[in-house]
Amino acid sequence: MKIVVCVKQVPDTKNGVVFNPDGTLNRGAMDKVMNPDDKAGLEVALRLKEANPGTEITVVTMGIPDADSVLREAFAMGADKGVLITDRVLGGADTWATSSTIAAGIRNLDYDLIVTGRQAIDGDTAQVGPQIAEHLGLPVISYAANVSVEGDSVVVDRQYDDRIHKLKVKMPALVTCLSETTEPRYMTPGGIFDAFDKEVTVWGRADLKDLDDGDIGLAGSPTKIAKASDKVRKGAGEKRADLDAAGACSYIFDKLKEKHVI
Amino acid sequence: MALEDYKGVFTFAEQVDHKLAGVALELIGKGKDLAADLGCEVTAVLLGSGITDLADTLAEYGADHVIVVDDPKLENYRTEPYAQALAGVINEFKPEIMLVGATAIGRDLGPTVSARVKTGLTADCTSLDIGQFPLNADPADAKQNQLLMTRPAFGGNTIATIACPDHRPQMATVRPGVMIKKDPEKGKKADVIDFKPDLSENNRYVEIIDIIKETKKTADIMAAKILVSGGRGVGSAENFKILEDLAEAIGGTVSCSRAVVDNGWKPKDLQVGQTGKTVRPNVYFAIGISGAIQHVAGMEESDIIIAINKDESAPIFDVADYGVVGDLNKIVPALTEAIKAELAK
Numbered sequence: 001m002k003i004v005v006c007v008k009q010v011p012d013t014k015n016g017v018v019f020n021p022d023g024t025l026n027r028g029a030m031d032k033v034m035n036p037d038d039k040a041g042l043e044v045a046l047r048l049k050e051a052n053p054g055t056e057i058t059v060v061t062m063g064i065p066d067a068d069s070v071l072r073e074a075f076a077m078g079a080d081k082g083v084l085i086t087d088r089v090l091g092g093a094d095t096w097a098t099s100s101t102i103a104a105g106i107r108n109l110d111y112d113l114i115v116t117g118r119q120a121i122d123g124d125t126a127q128v129g130p131q132i133a134e135h136l137g138l139p140v141i142s143y144a145a146n147v148s149v150e151g152d153s154v155v156v157d158r159q160y161d162d163r164i165h166k167l168k169v170k171m172p173a174l175v176t177c178l179s180e181t182t183e184p185r186y187m188t189p190g191g192i193f194d195a196f197d198k199e200v201t202v203w204g205r206a207d208l209k210d211l212d213d214g215d216i217g218l219a220g221s222p223t224k225i226a227k228a229s230d231k232v233r234k235g236a237g238e239k240r241a242d243l244d245a246a247g248a249c250s251y252i253f254d255k256l257k258e259k260h261v262i
Numbered sequence: 263m264a265l266e267d268y269k270g271v272f273t274f275a276e277q278v279d280h281k282l283a284g285v286a287l288e289l290i291g292k293g294k295d296l297a298a299d300l301g302c303e304v305t306a307v308l309l310g311s312g313i314t315d316l317a318d319t320l321a322e323y324g325a326d327h328v329i330v331v332d333d334p335k336l337e338n339y340r341t342e343p344y345a346q347a348l349a350g351v352i353n354e355f356k357p358e359i360m361l362v363g364a365t366a367i368g369r370d371l372g373p374t375v376s377a378r379v380k381t382g383l384t385a386d387c388t389s390l391d392i393g394q395f396p397l398n399a400d401p402a403d404a405k406q407n408q409l410l411m412t413r414p415a416f417g418g419n420t421i422a423t424i425a426c427p428d429h430r431p432q433m434a435t436v437r438p439g440v441m442i443k444k445d446p447e448k449g450k451k452a453d454v455i456d457f458k459p460d461l462s463e464n465n466r467y468v469e470i471i472d473i474i475k476e477t478k479k480t481a482d483i484m485a486a487k488i489l490v491s492g493g494r495g496v497g498s499a500e501n502f503k504i505l506e507d508l509a510e511a512i513g514g515t516v517s518c519s520r521a522v523v524d525n526g527w528k529p530k531d532l533q534v535g536q537t538g539k540t541v542r543p544n545v546y547f548a549i550g551i552s553g554a555i556q557h558v559a560g561m562e563e564s565d566i567i568i569a570i571n572k573d574e575s576a577p578i579f580d581v582a583d584y585g586v587v588g589d590l591n592k593i594v595p596a597l598t599e600a601i602k603a604e605l606a607k
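Residue numbers (my numbering), protein chains in the order written: chain A, 1 to 262; chain B, 263 to 607.
Looking at chain B on its own, in the form it has when it is part of the complex (with noise of 0.2 Å):
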């Protein structure tokens, strides 16, 4: 089959128990800039058990198609049958881009899939772009229309954009937190295509034993508009107070950086980095946070970065929009009691 015969857009839209996964949704809106770019359409792909009234949401969202394959087989998430039934619909339906969230679920899947239908992948992307390959041939010679996939590397530290010429789909893992999701449309509909892949059980099958989920009743820093965000010189868990109450005074949720959750001070849910949650809130603030570069992965695209640190050649500076020099346990507090005597007004 020639490679113009793969055609649109389609995401994997993960759900666990029923609930839709934020990156679901920014795939979703991305989609619809690449599609509209390539002048098709935004396929949502849903897999599990008893999930089909969410082909709604997905089409509120900017879906325009959403194939979903509702089987009792995959109520949780396994590798096996799920690869099973992502491949299935790669196979049935041929797009041209498949995108899946860079998750703990997409992650594995991802790989798995690519491997089975064998195309490329490109892992925790960043940024997606449709654009010629080379990049800099004379547009004669170039491949066009290719979608451009850029992600870091090296902790941060490099960027690559990746192209997948000659396979299809193109595929990427995206990172959740990156991409931006549209406003949904009350009440609009997608086409939705009940689809029934083989699912037949082999050795690659495995038995879910148990399930342990982990009570937490810590924020979704993902979400967040204003992160109060503090590293090491913070000093102790104790002193996490303070960033609380400014949290508290300003409207915003409190993060970290690795070095807390290294020392025990917080819970890793709450950690901004490369190894951490993306994040990209209206206001950052940085206290404490030298801003190690895997630190800074997480959080440059921060509308406003705000840091306060006593060390004047911390890196973190380097990306702040607005930076001091001093000690945090005097200028937090005191700001604290500013915002709260402002809007006590």
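Pulled out of the complex, with its shape left as it was, chain A reads as follows (with noise of 0.2 Å):
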């Protein structure tokens, strides 16, 4: 079986968000991570791959140059190929844009099943995988807890808020990974010490084959920024540091009588 895993690099918000003067965000000064998501993804697939012996994982991600070092890790982890799609003419792309050059790519490569994050934690949209999958005419299955494979199918369980489907479909197809549902592995030494000497296959624009010009970057992305910054938020009220919890009590006893609440 051969899969292919989808991943981005993103800039690690868990320590909080550096910003520019101008109000965009400082990316430079952030250390950079693989996306949640992305990598429980990655785990899934090394698990098939466990229990399918003969699979191999080709992980896909596109980005700047340095986004290199995403692959190697999951090279660490697991991962067989790895496959960076980079251009100038690229960059700026939206959900529409960066799908369809993802979806470009993914056509150069052999695949039963394509496994992505459910969203990545720059953007938070969930939008490229399943539009990957549009653009691939592949059934999509988001939100994917648990994934296994049944003969020429894909068995998941697709999580919604009160429910779990559990759904059955032919491949190829695309499930998209939850970081809450599958805890990813350590990269492990040897692991390490090899990713340096694996190569890397490079994409640029030229590589990327029925793709129309007019579809990707920023001038093929149909959404546009028209305001971006850091959020303004709601002034502090007051604040009591001086109350012993009597005091402190009756303060708030008398604000909710005061706003009619009791």
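Some clues are possibly wrong.
[As the list claims (entries may be wrong)] Here are the simulated lysine to aspartate or glutamate pairs, DMTMM-like style, with alpha carbons at most 20 Å apart:
#1 A:Lys255 to B:Glu599
#2 A:Lys224 to B:Glu562
#3 B:Lys450 to B:Asp565
#4 B:Lys475 to A:Asp242
#5 B:Lys487 to B:Asp428
#6 B:Lys356 to B:Asp456
#7 B:Lys487 to A:Asp254
#8 A:Lys170 to B:Glu266
#9 B:Lys503 to B:Asp531
#10 B:Lys592 to A:Asp244
#11 B:Lys443 to B:Glu322
#12 A:Lys255 to B:Glu604
#13 B:Lys572 to B:Asp589
#14 B:Lys475 to A:Asp68
#15 B:Lys602 to A:Glu150
#16 B:Lys475 to A:Asp161
#17 A:Lys32 to A:Asp12
#18 A:Lys166 to B:Asp565
#19 B:Lys448 to B:Asp315
#20 A:Lys32 to A:Glu56
#21 A:Lys81 to A:Asp68
#22 B:Lys451 to B:Asp589
#23 B:Lys356 to B:Asp445
#24 B:Lys487 to A:Asp12
#25 B:Lys450 to B:Asp318
#26 A:Lys168 to A:Glu183
#27 A:Lys259 to B:Asp565
#28 A:Lys257 to B:Glu604
#29 B:Lys281 to A:Asp162
#30 A:Lys255 to B:Asp565
#31 B:Lys607 to A:Glu258
#32 A:Lys255 to B:Glu266
#33 B:Lys530 to A:Asp162
#34 B:Lys592 to A:Asp66
Honestly, the hints are just simulated from the structure, not real lab data.
Can you join these two chains into the complex? Each is in its own frame, and there are hints to help.
So this is what it looks like as structure tokens:
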């Protein structure tokens, strides 16, 4: 079986976000990590490989040349091949242009199953996975909590707010995975060592077939950013650090009365 | 076809098991405001099996028209055929704006349909307005009557306003609990259109082998007027008892932060925040919640925020209307008793 896993390198927001003076995000000043849902997707693929010997995992990413490092991390976890799609003309892409571009890259590969994360922590859109499936004419199962392969079909627990649908569909298919339900493995020391010897395939615009120039990069993006800014929050109200428990209690009580809550 | 030929605000009326999602009514409410600005009408798109009667509810909440696709294939949500149905509606009726709830269904249907009809989609919007694009251009040079879609990104750290100037429909998914539904007008009727799009089976149809419903007795925190929300500072699952007592005394509901869910103290459907639910109650008690940005993103629209925390520098105090620094184990039970005594008067 051949599995393609799509991963994205994202700024690590765990320790807050660094802004440029103009209010845009200073990506260069932040650590970069493999997007958590994508890492869960890679873990799903690695488990399928363990259960189905002979499986080959190709990890695909789109980004700046430095995004190579996210593929090295995937190698160290156990991925077999890596493809970096990088080209200046692809920059500034929204989800339509990104998914069009990645779908074109995947058309160069053999695959039975495509695995992506549900969403990336920088954009939080959850759009690129389903849209890749749409461009490739594949069935999509998003929010996948559990993935297994039965013969030529994939069986997935698809998570909703109050229920799970157990779904089955013939491959090729695309699933999007959740970090909440799959704990990714650590890189192995041997894997880390080997990761730097492995070759990454690098594709630019010219390597992507069946892709219209009108569907890539900033110009090919239907959505346009009108304004971006550091979020303006509601100002702080009163903070009382001078009250004992009884005082604090009556302070809150009085406010609730004043506002007719009680 | 010219962009000007796309008319009207369409909203996806999500239903599961013959029950309309709250966001379906919220979208109609917001759609009415947008339609008023544009001088057009609101059309709800209702997909399912045996659900035509729900059109009356949509009408009462403000839908001028309801397009119904009623087909056994649509009984349970599946990406395909729902995408066939919604894309079929868009291609036939050509709306200017298409709004979908940012639910576990809408966040799957929206991207699929937007790619199918080749338009832009802005995810998880928290604010929608009509205005010009670019924002600061001379009005003569700008495109007027554009949908301006505002959304948080980077876990709520940044906010961006997005337009879709050259493609139609302008599509957005909208976070549940953010838009306000209108008061229903009893007995109001809409113009109901029964539509039959092509739902031919293809390789993209998945088979539903089983549906496992999670039986849960937990409260709907998005509907609560008063939320008594606890964080890591509460200390243990058992100690949530003092919050439950306060909630009972004041007629509220208990909710929690992500740390509480991660510790297994409370189930995920009580979680407020970026990865949980967005709430806007009249009163939000943040008790032992530090106020990580991801949490604040889910509750900052609450009318009154009351914070109790022992850490004076906790960021929750930056958004609280009223904050007290102190021991929640002493303050919360005392407050419960005071409220009980007041209400017993």
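Results for each hint:
no. : hint                 : in the structure
1   : A:Lys255 to B:Glu599 : holds (16 Å)
2   : A:Lys224 to B:Glu562 : violated (27 Å)
3   : B:Lys450 to B:Asp565 : violated (31 Å)
4   : B:Lys475 to A:Asp242 : violated (49 Å)
5   : B:Lys487 to B:Asp428 : violated (41 Å)
6   : B:Lys356 to B:Asp456 : holds (16 Å)
7   : B:Lys487 to A:Asp254 : holds (19 Å)
8   : A:Lys170 to B:Glu266 : violated (41 Å)
9   : B:Lys503 to B:Asp531 : holds (18 Å)
10  : B:Lys592 to A:Asp244 : holds (9 Å)
11  : B:Lys443 to B:Glu322 : holds (11 Å)
12  : A:Lys255 to B:Glu604 : holds (14 Å)
13  : B:Lys572 to B:Asp589 : holds (6 Å)
14  : B:Lys475 to A:Asp68  : violated (42 Å)
15  : B:Lys602 to A:Glu150 : violated (59 Å)
16  : B:Lys475 to A:Asp161 : holds (10 Å)
17  : A:Lys32 to A:Asp12   : holds (5 Å)
18  : A:Lys166 to B:Asp565 : violated (40 Å)
19  : B:Lys448 to B:Asp315 : holds (15 Å)
20  : A:Lys32 to A:Glu56   : violated (26 Å)
21  : A:Lys81 to A:Asp68   : holds (12 Å)
22  : B:Lys451 to B:Asp589 : violated (54 Å)
23  : B:Lys356 to B:Asp445 : violated (28 Å)
24  : B:Lys487 to A:Asp12  : violated (35 Å)
25  : B:Lys450 to B:Asp318 : holds (7 Å)
26  : A:Lys168 to A:Glu183 : violated (23 Å)
27  : A:Lys259 to B:Asp565 : holds (10 Å)
28  : A:Lys257 to B:Glu604 : holds (10 Å)
29  : B:Lys281 to A:Asp162 : holds (13 Å)
30  : A:Lys255 to B:Asp565 : holds (13 Å)
31  : B:Lys607 to A:Glu258 : holds (17 Å)
32  : A:Lys255 to B:Glu266 : violated (52 Å)
33  : B:Lys530 to A:Asp162 : holds (11 Å)
34  : B:Lys592 to A:Asp66  : violated (53 Å)
Hints 2, 3, 4, 5, 8, 14, 15, 18, 20, 22, 23, 24, 26, 32 and 34 from the list above are not met by this structure, while the remaining hints are.
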